[in-house]
Amino acid sequence: PSSNTAIEYQVTTTTSTDENAETDHSVLLTLHGAEGSTRERNLDTPENDFLNGARDTFTFYDIDIGALECIQVKLDGTDGWKVAQIEVVMGKKQYATPSLEVFLDDEPEFRLDEKFCDLFVEGNSYDDNYCDTDHISIHFFMTTETLTTPDHV
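Taking our numbering, the leading residue of the sequence shown gets 1245, the next gets one more, and so forth.
Quick caveat, the hints were computed from the structure, so don't treat them as lab data. Just so it is clear, the structure is predicted and the values come from calculations on it, not from any experiment. Backbone N, C-alpha and C define an ideal beta-carbon position, used for all residues, glycine too. A portion of the hints provided could be inaccurate.
Distance condition first, Cα-Cα at most 16 Å in a straight line; then the derived EDC-like pairs of lysine to aspartate or glutamate [unchecked claim]:
hint	residue 1	residue 2
1	Lys1336	Glu1252
2	Lys1318	Glu1291
3	Lys1336	Asp1350
4	Lys1337	Asp1268
5	Lys1318	Glu1351
6	Lys1337	Glu1358
7	Lys1318	Asp1357
8	Lys1318	Asp1308
9	Lys1318	Glu1345
10	Lys1318	Asp1349
11	Lys1336	Asp1308
12	Lys1318	Glu1279
13	Lys1359	Glu1313
14	Lys1318	Glu1266
15	Lys1359	Asp1323
16	Lys1337	Glu1313
17	Lys1318	Glu1284
18	Lys1318	Asp1268
19	Lys1337	Asp1357
20	Lys1359	Glu1284
Listed next, with one range per pair, are the computed distances between beta-carbon atoms [as the list claims (entries may be wrong)]:
hint	residue 1	residue 2	range
21	Gly1321	Thr1249	32 to 38 Å
22	Glu1353	Ala1250	38 to 44 Å
23	Phe1354	Thr1249	35 to 41 Å
24	Gly1335	Arg1355	29 to 35 Å
25	Thr1301	Asp1357	17 to 23 Å
26	Asn1264	Cys1361	33 to 39 Å
27	Lys1336	Arg1283	28 to 34 Å
28	Thr1261	Thr1289	32 to 38 Å
29	Glu1279	Pro1342	23 to 29 Å
30	Glu1345	Asn1292	30 to 36 Å
31	Asn1264	Ala1311	31 to 37 Å
32	Asp1362	Gly1310	15 to 21 Å
33	Thr1249	Glu1353	16 to 22 Å
Construct all of the structure, not just a fragment, from the sequences and the given hints.
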């Protein structure tokens, strides 16, 4: 990847369904990769973002940071936000956090900023963090076939 090449990033946040999980304040995001970091982005659309249980998608262009290593989010304000999950699509690679349920707030027992580095990866090569969707589909069909009830029952 070249640091001069801009690529499209699509980030989808899921707000928790817990009471008071939503926020009216800005959520700032920085992606950290093997070859650099994006600029800090204010996640915002013309819609009302970060409502309870909502999935909000944001698209932006930035340098190619290589393999995604961490997702950093920061709350810009005092109205807390409870994030359930963050997904990132960079070119043909897809990344997702596990279920987070992390509350960002300015109260002393919380933090306004968190870095999530435990990511699930879907892509073109296999490693311990990789989710091969073709393999899963084949496995699913094989499993379904073995669980099928015989016609004579």
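Results of checking the hints against the structure:
Restraint check: the Cα-Cα separation between lysine 1336 and glutamate 1252 comes to about 10 Å, which is no more than 16 Å; the hinted pair holds. Taking the CA atoms of lysine 1318 and glutamate 1291, the gap is near 20 Å; set against the 16 Å cutoff, the hint is violated. The straight-line distance between the Cα atoms of lysine 1336 and aspartate 1350 is roughly 36 Å, outside the 16 Å bound, and the hint therefore fails. Note on lysine 1337 and aspartate 1268: the hinted pairing is violated, with a Cα-Cα distance of about 30 Å set against a maximum of 16 Å.
The straight-line distance between the Cα atoms of lysine 1318 and glutamate 1351 is roughly 14 Å, inside the 16 Å bound, and the hint therefore holds. For a cut-off of 16 Å, the pair hint linking lysine 1337 to glutamate 1358 is broken: about 23 Å separates their Cα positions. For the hint linking lysine 1318 to aspartate 1357, the alpha-carbon distance of about 4 Å falls within 16 Å, and the restraint holds. The suggested pairing of lysine 1318 with aspartate 1308 is violated, with an alpha-carbon distance near 22 Å, which exceeds 16 Å.
Among the hinted pairs, lysine 1318 with glutamate 1345 is consistent with the structure: their alpha-carbon atoms are about 15 Å apart, no more than 16 Å. Between lysine 1318 and aspartate 1349, the direct Cα distance comes to roughly 9 Å. Compliance with the 16 Å bound is thereby established for this hinted pair. Our distance criterion of 16 Å between C-alpha atoms is met by lysine 1336 and aspartate 1308, whose separation comes to about 12 Å. For the hint linking lysine 1318 to glutamate 1279, the alpha-carbon distance of about 22 Å lies beyond 16 Å, and the restraint is violated.
Distance hint between lysine 1359 and glutamate 1313 is fulfilled; the C-alpha atoms sit about 10 Å from each other, no more than 16 Å. Between lysine 1318 and glutamate 1266, the direct Cα distance comes to roughly 14 Å. Compliance with the 16 Å bound is thereby established for this hinted pair. Among the hinted pairs, lysine 1359 with aspartate 1323 is inconsistent with the structure: their alpha-carbon atoms are about 19 Å apart, more than 16 Å. For the proposed pair lysine 1337 and glutamate 1313, the alpha carbon gap of about 12 Å is at most 16 Å, so the pair holds.
Restraint check for lysine 1318 and glutamate 1284: the C-alpha separation of about 9 Å stays at or below 16 Å, so the hint holds. Proximity of lysine 1318 to aspartate 1268 is assessed by CA-CA distance (about 14 Å); at most 16 Å being required, the pair is judged to hold. Distance hint between lysine 1337 and aspartate 1357 is unfulfilled; the C-alpha atoms sit about 25 Å from each other, more than 16 Å. Distance hint between lysine 1359 and glutamate 1284 is fulfilled; the C-alpha atoms sit about 13 Å from each other, no more than 16 Å.
Checked against the hint of 32 to 38 Å, the C-beta distance between glycine 1321 and threonine 1249 comes to roughly 34 Å, which is consistent with it. Between glutamate 1353 and alanine 1250 the C-beta distance comes to about 40 Å, which sits within the given range of 38 to 44 Å. Checked against the hint of 35 to 41 Å, the C-beta distance between phenylalanine 1354 and threonine 1249 comes to roughly 37 Å, which is consistent with it. Restraint check, glycine 1335 to arginine 1355: a C-beta distance of roughly 31 Å satisfies the suggested window 29 to 35 Å.
Evaluation of the 17 to 23 Å hint for threonine 1301 and aspartate 1357 yields a pass: the beta carbon distance comes to about 22 Å. Between asparagine 1264 and cysteine 1361, the C-beta spacing of about 27 Å breaks the proposed range 33 to 39 Å. Checked against the hint of 28 to 34 Å, the C-beta distance between lysine 1336 and arginine 1283 comes to roughly 23 Å, which is inconsistent with it. Judged by the Cβ atoms, the range 32 to 38 Å given for threonine 1261 and threonine 1289 is violated: they are separated by roughly 20 Å.
In this structure the hint that glutamate 1279 and proline 1342 lie 23 to 29 Å apart at CB holds, the actual value being about 24 Å. Taking 30 to 36 Å as the suggested C-beta distance range, the pair glutamate 1345 and asparagine 1292 does not conform, at roughly 22 Å. With their beta carbons about 35 Å apart, asparagine 1264 and alanine 1311 fall inside the hinted range of 31 to 37 Å. Take aspartate 1362 and glycine 1310: their Cβ atoms lie about 18 Å apart, and the range 15 to 21 Å holds.
Range check, threonine 1249 to glutamate 1353: Cβ separation about 42 Å, and the 16 to 22 Å hint is violated.
The earlier numbered hints that this structure contradicts are 2, 3, 4, 6, 8, 12, 15, 19, 26, 27, 28, 30 and 33.
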